Amino acid sequence: MTALRLAWLYFRIGSMNELQYRANFLIQLLQSAVSVVTALVVLKVVYSYTEALNGWSQPELLVVMGIQILLGGVIRTTIQPNMQRLMEEVRDGKLDFALTKPADAQVLVSVREVRIWRAVDIVAGSVVVAYGVSGLDRSVGAGDALLFAALLLVGAVTIYCFWLVIATLAFWIVDVWQIIELFDGVYHTGRWPVSIYPLWLRIGVTFIVPIAFAITVPAEALTSRLEWSTVALAVGFSAALFVVTRYWWRFGLRRYSGASA
Amino acid sequence: MNAEAGRVRSLLDFYVTRARTQIQVQFQYRAATYFWLIGMLAEPIVYLVVWTTIAEQQGGSVQGITTGEFAAYYIVWTLVRNMNIVFTPYGWEWRIREGQLSAALLRPLHPLHDDIAGFAGWKPVVIALWLPIAAALWVAFDPVLDPTLLEVGVFSLAIWGAYLIRTMFLSTLGMITFWTTRVSAIFELAIAVELLLSGRLVPLPLMPDWAEDVAAVLPFQWSFYFPIVALTGDLSRGELLGGLAAQLLWILALTGLTLLVWRFAIRRYSAVGN
Amino acid sequence: MATVRVLGLTKTFAVPEREAGLRAAAVSLFRRTTREVRAVDRISFEIGPGEVVGFLGPNGAGKTTTLKMLSGLLYPSSGEATVLGHVPSRRERDFLRQITFVMGNRNQLQWDLPALDSFELNRAIYRIPREDFTRLRDELIELLEIGDLVRKPVRQLSLGERMKVEIVGSLLHRPRVLFLDEPTIGLDVTMQKRIRSFVAEYNRRYDATVLLTSHYMADVEALCRRVIVIHHGEILFDGELARLGDRFAAWKTIAVDLDDGAGDFSAYGDVVERDAGRVKLRVPREETARVTARLLAEQEVQDLTVEDPPIEDVIEMVFAQEANER
Numbered sequence: 025m026t027a028l029r030l031a032w033l034y035f036r037i038g039s040m041n042e043l044q045y046r047a048n049f050l051i052q053l054l055q056s057a058v059s060v061v062t063a064l065v066v067l068k069v070v071y072s073y074t075e076a077l078n079g080w081s082q083p084e085l086l087v088v089m090g091i092q093i094l095l096g097g098v099i100r101t102t103i104q105p106n107m108q109r110l111m112e113e114v115r116d117g118k119l120d121f122a123l124t125k126p127a128d129a130q131v132l133v134s135v136r137e138v139r140i141w142r143a144v145d146i147v148a149g150s151v152v153v154a155y156g157v158s159g160l161d162r163s164v165g166a167g168d169a170l171l172f173a174a175l176l177l178v179g180a181v182t183i184y185c186f187w188l189v190i191a192t193l194a195f196w197i198v199d200v201w202q203i204i205e206l207f208d209g210v211y212h213t214g215r216w217p218v219s220i221y222p223l224w225l226r227i228g229v230t231f232i233v234p235i236a237f238a239i240t241v242p243a244e245a246l247t248s249r250l251e252w253s254t255v256a257l258a259v260g261f262s263a264a265l266f267v268v269t270r271y272w273w274r275f276g277l278r279r280y281s282g283a284s285a
Numbered sequence: 015m016n017a018e019a020g021r022v023r024s025l026l027d028f029y030v031t032r033a034r035t036q037i038q039v040q041f042q043y044r045a046a047t048y049f050w051l052i053g054m055l056a057e058p059i060v061y062l063v064v065w066t067t068i069a070e071q072q073g074g075s076v077q078g079i080t081t082g083e084f085a086a087y088y089i090v091w092t093l094v095r096n097m098n099i100v101f102t103p104y105g106w107e108w109r110i111r112e113g114q115l116s117a118a119l120l121r122p123l124h125p126l127h128d129d130i131a132g133f134a135g136w137k138p139v140v141i142a143l144w145l146p147i148a149a150a151l152w153v154a155f156d157p158v159l160d161p162t163l164l165e166v167g168v169f170s171l172a173i174w175g176a177y178l179i180r181t182m183f184l185s186t187l188g189m190i191t192f193w194t195t196r197v198s199a200i201f202e203l204a205i206a207v208e209l210l211l212s213g214r215l216v217p218l219p220l221m222p223d224w225a226e227d228v229a230a231v232l233p234f235q236w237s238f239y240f241p242i243v244a245l246t247g248d249l250s251r252g253e254l255l256g257g258l259a260a261q262l263l264w265i266l267a268l269t270g271l272t273l274l275v276w277r278f279a280i281r282r283y284s285a286v287g288n
Numbered sequence: 038m039a040t041v042r043v044l045g046l047t048k049t050f051a052v053p054e055r056e057a058g059l060r061a062a063a064v065s066l067f068r069r070t071t072r073e074v075r076a077v078d079r080i081s082f083e084i085g086p087g088e089v090v091g092f093l094g095p096n097g098a099g100k101t102t103t104l105k106m107l108s109g110l111l112y113p114s115s116g117e118a119t120v121l122g123h124v125p126s127r128r129e130r131d132f133l134r135q136i137t138f139v140m141g142n143r144n145q146l147q148w149d150l151p152a153l154d155s156f157e158l159n160r161a162i163y164r165i166p167r168e169d170f171t172r173l174r175d176e177l178i179e180l181l182e183i184g185d186l187v188r189k190p191v192r193q194l195s196l197g198e199r200m201k202v203e204i205v206g207s208l209l210h211r212p213r214v215l216f217l218d219e220p221t222i223g224l225d226v227t228m229q230k231r232i233r234s235f236v237a238e239y240n241r242r243y244d245a246t247v248l249l250t251s252h253y254m255a256d257v258e259a260l261c262r263r264v265i266v267i268h269h270g271e272i273l274f275d276g277e278l279a280r281l282g283d284r285f286a287a288w289k290t291i292a293v294d295l296d297d298g299a300g301d302f303s304a305y306g307d308v309v310e311r312d313a314g315r316v317k318l319r320v321p322r323e324e325t326a327r328v329t330a331r332l333l334a335e336q337e338v339q340d341l342t343v344e345d346p347p348i349e350d351v352i353e354m355v356f357a358q359e360a361n362e363r
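Residue numbers (my numbering), protein chains in the order written: chain A, 25 to 285; chain B, 15 to 288; chain C, 38 to 363.
Hints in this document: simulated from the structure, not taken from any laboratory. You may find that some hints are simply not true.
Some chain B residues flagged as far from chain A (calculated, every beta-carbon gap over 12 Å) [to be verified]: (1) V30; (2) W108; (3) R121; (4) L123; (5) A134; (6) P138; (7) W152; (8) G167; (9) R196; (10) L203; (11) M221; (12) L255; (13) G256.
Just the calculated beta-carbon pair ranges, DEER-fashion [claimed, not checked]: (14) A/R36 / B/Y43: 36 to 42 Å; (15) C/E117 / B/W224: 55 to 61 Å; (16) B/R21 / A/R115: 17 to 23 Å; (17) C/E349 / B/G270: 38 to 44 Å; (18) A/L64 / B/R21: 48 to 54 Å; (19) B/G78 / C/R192: 50 to 56 Å; (20) B/L271 / A/Q108: 32 to 38 Å; (21) A/V198 / B/E112: 22 to 28 Å; (22) C/E271 / A/A122: 48 to 54 Å; (23) C/R192 / B/V231: 54 to 60 Å; (24) B/F41 / A/S72: 43 to 49 Å.
On a predicted model such as this, the values are computed, not experimentally measured, just so you know. Just so it is clear, CB atoms sit at the ideal spot from N, CA and C, and this is done for glycine as well.
Okay, chain A solo, but in the shape it has when bound:
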């Protein structure tokens, strides 16, 4: 499939570029370490006062935290840099370079940028998840693990679609990059299971900024809380969002090309 080949190509080039900057790797290592340690300390403090938070035990909370860090790494490695570049290019009128290439525009603008050193977070997150899983009461079977991986992928796709929908707004609103400030803040909510939040917030982080699907649902897979209705909702929502995003993107693109013609 051309999309995958393109993605691999840009990944190779981007990585080669960034691998030169070893100092950036060390800085990233430090940042990730600091971030993880801080989070763990907070968790420790929380656990000095209670056994379980809303029914989630300490290892289970570690799983949630690990997934948030892991997914954060995925977002910072690929999704965010690409979408930011897209919004910048629309603002500066430089998108045409991407549009005149013989590849599907959506694929191109989604895979061009790679910040390979951010992948440290993916590793750090995985380690935290593994650590959390090791402390669980019930061990995780192969089926659960597979379901986890699949739901993680679905979650990543959901977040990608969210970003692209916002980025496409750039065709109409030049200053849409300011909305991105919002995402970084709201992503904080993903550190804890969504069930602890008041209803209005729960709805906000599930359907408006779809973080709950991306983090809590895979976590539920690993902690034996998953109900099939949730899986259906997650997959269904993600699939629908993907289709809508595609149409929305093409609509925006048509307008962009029409306007500049």
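Using the hints, position chains B and C against chain A.
What follows is chains B and C alone, placed relative to chain A:
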């Protein structure tokens, strides 16, 4: 004597003009500021929810702090956090790289004045935009807040004290940029310590005892925990005024440090160029 | 009393040197080899009040470094410099209030606000009395014709318009010494002329001393009677622009209009141009009179002119010569 009075007057004139200029600029970016404000809310809301969940599980309070008091803590937190935002070491890196520093050095005014006045001008705009958000949070989380007049007065001063403390601290860190481009490493470490020992993530009394001891010798709690608890807590008169005094001491100490480092930094910059 | 006095001014930089390759990179972690670069090498000159002096030289010659030392941005490695009686590197407030440094292409005004607001800020920074400020500001605005530009946010102005408001902003405190570093770079020809005439007018009205560096010969020719030519950190020439040719140009150009342009003119000198009825010859300076006489005698000359070589060529030749001698 007259010359000194004239200097002070013109310095004041500069501060007013600079702050006014910043307000005008910042006002143009209201939308961006709003989005950022809303995004910034997630952090305190998350911790608010976590602690009130625990409190409810424990029968209404944790270490004596009730759910209503947690709500008050974190809502006031959002204002104090905004007052805390100052010029970061990354800003110093940018300013040196873009040649803005040379321009600043050619002016007959210490660049620190420009930073303090500029960011101070930003605050009124943020506060104005914050008020409706605070009202919404009030309705959503039902805090318990009943401050005395003294507490309000001390709070109003303490938030500016917090601003100055953090400005001087980060300014000193920022000047490390003159010697190394890897200032981000030091900055990240300092921020991590600050996150844990300032009352930002966790109200200080909830941290383990050893942490509270360490925090006592650091300036961080004076730019975060103290202003918040001055308004929301039950500090005695002595504690309130003593807190302001502590803030003043930290401001003087850190200002002295910044000015000292600045002298060395300029020597280095002028020797090496950019 | 000289406004600017420079004696044996030197600036050396330690530039880290490293060869390519992984091994060299590893070695450089432990042992840093540096090379000493003399950006400015024992230069001396004096500039009097109200003079407009142009600093000419190729990239890296040391022009900007000299200006930076004279404005206090860089400490000299050795030597002395005094501007308006102050030592620049001490960066005394009284000194800073009397100078201005304009760097082409650098923005010092607030990006999002109309220039007028930035002017107000400068008034506060330089402590300009309100009346003097308003009067000078309006004068300068009128002089550069930027009345309608100063109310628009700076980011909406074109490059040339931005340069104009930047220059006004930098002169509001009526500095006595102006350091202009490539002020017309990137501007179109009309704008360049505008800026040049403005600087000349400012110099005339307020008796300011102007030190100017530029790549554009036209800037220097239009504004400066005196030039200082710098190359490799050393002063090659310090004197009137008109004399530059005398000192360095070893030749002149003779242009002859003839009935019949054919034929061999190489006996007279180097033929640099040849047209239907026109021949241009380059002859050594000392030969000019003799060759002219010969041409008039031996050829059917319609018209004959003797020209100095263009300054650009002279400068180029100077540097080429310098390069050869190193």
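Results of checking the hints against the structure:
no.: 1; hint: V30; in the structure: holds (29 Å)
no.: 2; hint: W108; in the structure: holds (16 Å)
no.: 3; hint: R121; in the structure: holds (31 Å)
no.: 4; hint: L123; in the structure: holds (32 Å)
no.: 5; hint: A134; in the structure: holds (22 Å)
no.: 6; hint: P138; in the structure: holds (20 Å)
no.: 7; hint: W152; in the structure: holds (14 Å)
no.: 8; hint: G167; in the structure: holds (32 Å)
no.: 9; hint: R196; in the structure: violated (7 Å)
no.: 10; hint: L203; in the structure: violated (6 Å)
no.: 11; hint: M221; in the structure: violated (6 Å)
no.: 12; hint: L255; in the structure: holds (30 Å)
no.: 13; hint: G256; in the structure: holds (27 Å)
no.: 14; hint: A/R36 / B/Y43: 36 to 42 Å; in the structure: holds (39 Å)
no.: 15; hint: C/E117 / B/W224: 55 to 61 Å; in the structure: holds (58 Å)
no.: 16; hint: B/R21 / A/R115: 17 to 23 Å; in the structure: violated (45 Å)
no.: 17; hint: C/E349 / B/G270: 38 to 44 Å; in the structure: violated (55 Å)
no.: 18; hint: A/L64 / B/R21: 48 to 54 Å; in the structure: holds (52 Å)
no.: 19; hint: B/G78 / C/R192: 50 to 56 Å; in the structure: holds (54 Å)
no.: 20; hint: B/L271 / A/Q108: 32 to 38 Å; in the structure: holds (37 Å)
no.: 21; hint: A/V198 / B/E112: 22 to 28 Å; in the structure: holds (23 Å)
no.: 22; hint: C/E271 / A/A122: 48 to 54 Å; in the structure: holds (51 Å)
no.: 23; hint: C/R192 / B/V231: 54 to 60 Å; in the structure: violated (46 Å)
no.: 24; hint: B/F41 / A/S72: 43 to 49 Å; in the structure: holds (45 Å)
Checked against the numbered hints given earlier, the structure breaks hints 9, 10, 11, 16, 17 and 23 and satisfies all the rest.
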